[in-house]
Amino acid sequence: MARVKEFVLPDDLYYDRKEHIWGRVEQGGVRVGLDAFGSCAAGTVAYIKLLPPGRQVQKGRPFGSMEAGKYVGPLKAPVSGTVAEVNQEVLANPALVNADHYGEGWFVVIAPSNLETDLADLAHGDGVQPWLEEEVRDYEEGGKLKPEAERECA
Amino acid sequence: MGGAIFHALAALSLLVFLAGVAGRVRFWLGGSPGPTDHRNRRSKALALSRRGLSILRPQTLRVVLWDGFLLRRLWRASRLRWSIHFSIAWSFAGLFAIGSLGDMASGLGVPLEKDDAWFAALNDGFGLALLAGVTLALVRRYALPQPHTRSLFDDAVVLALLALLAGGGFLVEAGRYLKEGAAAPAGHYAFLGYALSRAAKPLGWDWAAVYGWLWWSHSLLALGFVAYLPYSKLLHMFASPAAIAVEAGAETAAPAAALGAGGAVPMRCLPENGGRLPFSARQLLEMDACTRCGECLRACSSFAVKGEEGAALMGMIRTRRRLFEQDAPSPAKLLRRDGSSADEWARLQEGVFACTLCGRCEEFCPVGIRTRDLALTMRQELASFRCMMPANLELARQAVAEERNVFRFPNEDRAMWAEFLDDLPADLLSKERAEVLYFVGCVSSFSPAVQEIPQAFLKMLLKAGVDVALLAGEEWCCGFPLIVGGRAADARNLIEHNVEQVRRLGAGTVVFNCPSCLYAWRKWYPLEGVQLVHSTEFIRDLVRSGRLKFERSDLTVTYHDPCDLGRGLGEYDAPREVLRSFADGGFVELAESRERALCCGGGGDVEMWDPELVGEVNSILTGTVEGSGASLLVQACPQCKRTTQRGLEKAGSGIRTLDIAELALEFGTFADERASSHSRREEVATDGPGERVRPP
Chain A
24 MARVKEFVLP DDLYYDRKEH IWGRVEQGGV RVGLDAFGSC AAGTVAYIKL LPPGRQVQKG
84 RPFGSMEAGK YVGPLKAPVS GTVAEVNQEV LANPALVNAD HYGEGWFVVI APSNLETDLA
144 DLAHGDGVQP WLEEEVRDYE EGGKLKPEAE RECA
Chain B
590 MGGAIFHALA ALSLLVFLAG VAGRVRFWLG GSPGPTDHRN RRSKALALSR RGLSILRPQT
650 LRVVLWDGFL LRRLWRASRL RWSIHFSIAW SFAGLFAIGS LGDMASGLGV PLEKDDAWFA
710 ALNDGFGLAL LAGVTLALVR RYALPQPHTR SLFDDAVVLA LLALLAGGGF LVEAGRYLKE
770 GAAAPAGHYA FLGYALSRAA KPLGWDWAAV YGWLWWSHSL LALGFVAYLP YSKLLHMFAS
830 PAAIAVEAGA ETAAPAAALG AGGAVPMRCL PENGGRLPFS ARQLLEMDAC TRCGECLRAC
890 SSFAVKGEEG AALMGMIRTR RRLFEQDAPS PAKLLRRDGS SADEWARLQE GVFACTLCGR
950 CEEFCPVGIR TRDLALTMRQ ELASFRCMMP ANLELARQAV AEERNVFRFP NEDRAMWAEF
1010 LDDLPADLLS KERAEVLYFV GCVSSFSPAV QEIPQAFLKM LLKAGVDVAL LAGEEWCCGF
1070 PLIVGGRAAD ARNLIEHNVE QVRRLGAGTV VFNCPSCLYA WRKWYPLEGV QLVHSTEFIR
1130 DLVRSGRLKF ERSDLTVTYH DPCDLGRGLG EYDAPREVLR SFADGGFVEL AESRERALCC
1190 GGGGDVEMWD PELVGEVNSI LTGTVEGSGA SLLVQACPQC KRTTQRGLEK AGSGIRTLDI
1250 AELALEFGTF ADERASSHSR REEVATDGPG ERVRPP
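If you read the protein sequences in the order shown, they are chains A and B.
Following the numbering used here, the residues of the first sequence are numbered contiguously, the last one being 177.
Following the numbering used here, the residues of the second sequence are numbered contiguously, the last one being 1285.
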């Protein structure tokens, strides 16, 4: 488990370092969501659109879009494949992303087409803690992560 | 001897007055003649002369008479303020005419006596009107101030001077009657001065000496007043009618020129203004024409939320004028105790970028200042000339430079919203020729809050049988966010690219659901022979032609005018025509609608400067929506819907919001659908699709 300040990132997940999108390798696919740091930086999620099951997605390309208090933009797939499942609950209640990052707040399950290669450049295991430390430091130095925001996220 | 001294002082006063006026005229002429960039003095002088001559056109003179001299716009804004202003302005002018000019005429041998009945009556009548106007102004400003009333030292000085002049005039008149002793033959016509003399007579003073003192005091005050005039807010006596005249005779720039000619705006901001001003001569004149009446504060939602006048145009003008004064060589600088220049610039930035550029204040401004253009030029100056572009706007600028959209969304996925739709024509995104181009815009394309709008509008276009194409990844930001963010130069390549795409497709019509995109295209895109149509106009034409019909609804519906569509482009009627065909008697107007519609808070890139302000400004609009009694709010702008639906949700309101395209799709029936449903009922077979319907 990686932890910096209030941000907890389970190290059994795979993380897109730029997008703060996590992937959990499961039977039948890769479950995808937004990590605690990304959720805090984006603010309260208000609207989500996700491609329907059956659509092809490419690693690094959008599988949906999200609008939050401080972010409007794409949700990029950590792996290539086909959308196998969409979380209808999170579409109905987008704030689940903030409330339960690694549980009920997931977005989609992707049936991967090139799993091993796609996972290779994602942060995982022991690599999560130093990456998270660096991210938090960068954000704080850039003035993007204010103490009050951290408290809200906590 | 006394006469010579008076004439010397009068000449001095006139000289100071003329120097002040000349200084202001020189200042105004320091701006460019118009939106066109002039590369040399001769071209600029010619353009200014043309502008000057345009004022002599009959329609310009008519506007100057109504708005400049009869104060029509002020009459519409407030009867009380009109009465105050009218009585002060015209009684002052009248007193000046019969006093100064009358004296001059008398000196030239014209048989004119102060004791003539008409002269005495006019003199006291004007004096009384001036006194009444000043008294009302003092009460309004100091005893019963409105939340938008802002009083400065200058206001007090001006009103005090006017009161002293009016009151002093009656004292001088009374002194003259007392000095002359015998009852004046037309004394009762000078109803106030003469009555005052009768009341003071029992005092038995040396009236000749008293009159001398009074006369000199009054004369010196009058001469001082004249000299002070161009250096005070009273300068608006000349600047306001002049601004109205220039505005009425303003040229309409060609779209490309409106952005400034190539190289007019530096691509990289300069550390200082480099001696150049981005303001036009008209805009510099407008800054002097501002009377600081506070009407723009009354109109401004950002001011209503923040309570800082800097967020409204009056405050921006005051701050910018102070900065002009700081730049100018002036001995007054030695006495000034204002903050540092850097603080002033920061204050200006704080206000200018908190403005939603909704233009509502333009409807309220009694002197017709083009407020939106002026605020836009101030942004241009800050962002392009002074390296004071807000950080988030700079990020958006970089996003557009790299991804061609403000959201930094991969632009090749711009049409992702369309992937949610079934049964789209296979060639929709790859057409090489099309009659109609649907320019979707960044907010509709990327914000998941409003993606139903382009989806609905596209479905509608297809149902209407329009030969439509989407540019998908070849659609680039329209440039609006950069232009209103003060970086017009960065929009040029976007404009060129989008124009090239229209030409490539051979489209004769471009349709929009985003009023800001349409505004940018109509105002800044050099496109001739191409129709630029908003969804409200498109749907209105479908309704008119009978191709779209609504079942009459018993819903109570209201409509919110988007700033860029309404005040920006003057389109108020098309959406109302559609809504009346839908709800008829169930259509209700918001308390503030059409030209005075409230801003949703989402305009002017404010979201990138102060996101919380957007929600707070929107809460004013949602308050009026809730007060309208409507159960359905129809909008015609993705950004308006994005902010307002969130505002209504936050307020826990049950009012539903729909874009007009969503409304048409959900409640309307298209001609082809009616025909096919009729055919099914009649069990008559059809043998293929009918003739393609042309766009309206």
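Just so you know, the hints here were simulated from the structure itself, not pulled from any lab data.
You may find that some hints are simply not true.
Each computed DSSO-like pair below joins lysine-lysine, with the alpha-carbon atoms no more than 27 Å apart [what the hints assert, rightly or not]:
(1) B:K895 with B:K1239
(2) B:K895 with A:K93
(3) A:K93 with B:K1239
Keep in mind the model is a prediction, meaning the values are calculated, not measured.
The hints, checked one at a time:
Of the pairs offered as hints, the one joining K895 of chain B and K1239 of chain B holds, with about 20 Å between alpha carbons and a cut-off of 27 Å not exceeded. With a C-alpha separation of about 21 Å, the suggested pair K895 of chain B and K93 of chain A falls inside the 27 Å cut-off, and the hint holds. For the suggested pair K93 of chain A and K1239 of chain B, the alpha carbons sit about 16 Å apart, so the restraint of at most 27 Å is met.
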